[in-house]
Amino acid sequence: MPEGTLCNKKPVNTKEELLTLLADKSGKKYYEEMNALDVDAPALKALLDKTCKSRIRTWLEICAHCGMCADSCFFYLANHRDPTQVPSYKIQSTLGEIVRKKGNVDNAFMQMTMDTAWGKCTCCNRCGMYCPFGIDMGVMFGYLRGVCFSQGFAPWEMKIGSGMHRVYRAQMDVTSEDWVDTCQWMAEENEEDWPGLEIPVDKADADIIYTVNAREPKHYPEDLAHAAILFHLAGENWTVPSEGWEETSLAMFAGDWEGCRLQVQAVYDAMERLKPKRMVVTECGHAYRATVIEGPYWAGLKSGKTPVPSFHYVEWVAEALRTGKLKIDPAKKIKEPVTYQDSCNYIRNAGLKDCAREIMSYIAEDFREMLPNKEHNFCCGGGGGMNGLGRYREQRNIGLKVKRDQILATGAKLVITPCHNCWDAIRDLEEVYQVGIRWSFLKPLLLKMVMVPDHLKPEEE
Amino acid sequence: MYDLVTGPLAWLAFSVFFIGLGVRVVRYIRGLDWKLDRVTYTVNVSYGIQGALRSVFFWLFPFGTRSWRSNPFLTVLVFTFHIGILITPVFLLAHNVMLMERWGFRFWSMSERASDFLTVLVLISAVFLALRRIALPEVRIITTAYDYLLLLIAVMPFITGLAAHYQWGGYDAWLIWHILSGEVMLVAIPFTKLSHFVGFFLSRAQLGMDFGIKRGGMKNRGMAW
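Chains A and B are the protein sequences, given in the same order. Counted the way my numbering counts, the first sequence spans residues 1 to 461. Counted the way my numbering counts, the second sequence spans residues 1 to 225.
Just chain A, same shape as in the assembly:
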């Protein structure tokens, strides 16, 4: 059974394998090897028998082919209502066929399936809300990604991402030492402006354990500083773990379920080790979805909940503003029209729509809702790993049109995006379509608006 050296059915488990894969620019050789990759039909059938149970089989079977899911999909709308973008068609022609043929499919079929599962769906789960039978095609595509991954048919970046989690317990090559160093560096860098500012590492029994997206220590360390300053101003007793600090899961996007388990287990271990009262995660949607919503199931926690209660950053901000831990200077509220990007992962799929509105009521004078909004909002266009996949860049950019038009219709030039993927997608949207909008996480905006208690101000010289 031919397997490539880069493209094969074995997930990446070592640093060397990761480096070899990374050295293959844009996955050129990887995708060439994929053309020769055999489908292990018996293994595929065995996987379906074991994991494709009544929920998904019933969904596939009873789909009435009514087409009500069509308009729910932003890819369908962005591609001039191309019928091949109808969610029902996309899932029936891929997973549906694999199930009907009991795994007897060939290489070309698996590549088409891969291109559909990652290039035509962001697993935003919006279609599930529009199907009369409650058929959630986002859930099925998530499952289908796992099926593809097990056979080695996953986009190059996904294989790397899953490998990163397996090797580093982070989506990027950030080691524990790098992370702790970054924490110290950011604390030192800002202690002059913020006397007493600390980023306490591995403090036991804190009120809050704060966890992040590895992009923050790697590329945007100031985000960590902003978080620290806001916790400092709010008087929180908080800490970060030296290990288990990463909440994101490219393994989830890749369909690498074992990688998912390994990743969330690291975070849960940190919770058990440091015994904080609760966990707060940075402004990232899929991180929250992976570690708080889906993670307990990967880790086999029968309660379906994380070891300590877990909160998205918007929940903490809403609470801090509500209780007065953070106070906004009324003169510094956002005056211009501003809109809010509801992230699929923590709004539609985790129910936090009201926190977002509550925050906006404190910080914005002219808040404009997108239409539709809240759980009915469209995906930013970059979810589900889409932002990072070179092979589907063009499709991603086409998909961004729906979000572009939604934002423009609000008349706002500023979009608040408390989610890394939304933030990226909207940045790229501006780069591609140049419509003159700006985008921001909450932290830098809050820092500009928040009132600093006298005792926390730096001493005048």
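These are calculated hints, taken from the structure and not from any lab test. Careful, some of the hints might be misleading.
[As the list claims (entries may be wrong)] A few chain B residues that face chain A, going by a derived Cβ cut-off under 10 Å, partial list only: (1) D3; (2) N44; (3) S46; (4) Q50; (5) F57; (6) R133; (7) P137; (8) D210; (9) G217; (10) N220.
[Claimed, not checked] Partial selection, computed: residues in chain A whose CB lies under 8 Å from chain B: (11) M68; (12) G304; (13) L352; (14) K353.
[Claimed, not checked] Derived DSS-like pairs (lysine-lysine); straight-line CA-CA distance at most 25 Å: (15) A:K53 / A:K102; (16) B:K35 / A:K53; (17) B:K193 / A:K53; (18) A:K45 / B:K193; (19) A:K102 / B:K35; (20) B:K193 / A:K101.
Nothing here was measured: the structure is a model prediction, and the numbers come from that model. Just so it is clear, CB atoms sit at the ideal spot from N, CA and C, and this is done for glycine as well.
Using the hints provided, position chain B relative to the given structure of chain A.
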């Protein structure tokens, strides 16, 4: 022939219908897996029940959900079709007369004009449901011959029933065809997509539990379907 279709065949059809649907329900529920589905069905039960009820309830009413409201034409067709299909046979005068003769009990029955009206509505909506499959590209691409066959199975009892009632070219033959087509439909329900007779409720309840227990139900007042 009449004795055959109203005797052993009727018993067989109703048995297959009820037992088949029962097996469907049991197999569906037994096939749910908290870890694979990632929903703690047996923990946080109150959130699950609430989510399931909301998920079924709003969808049972025309224009009760955003999706129904966004597709008004289809919504009217779907509800007309289903209400007609479910109500007409149960409350039809002739059926209840038979029920009284054979079993000694009957339900309330509607006037013959009302049942004729509902039957015609079922047929009209079926025609439009079929035309919709041809006319709209987003529906055409997912439509198969099987979809038309099921539509035909569902409307045949109504066509033959109407024909028998108005004795278009003789009563007896139409009556036999009517009873047979009704039996075909009953048998088809557990074995085909028509199993959404129960599948609708099961699947909707499952997704409702998913949202109620895991995806936000514990942190908000419930999904705004």
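Check each numbered hint against the structure and report the violated ones by number, ascending. Of the numbered hints, 1, 3, 4 and 5 do not hold.
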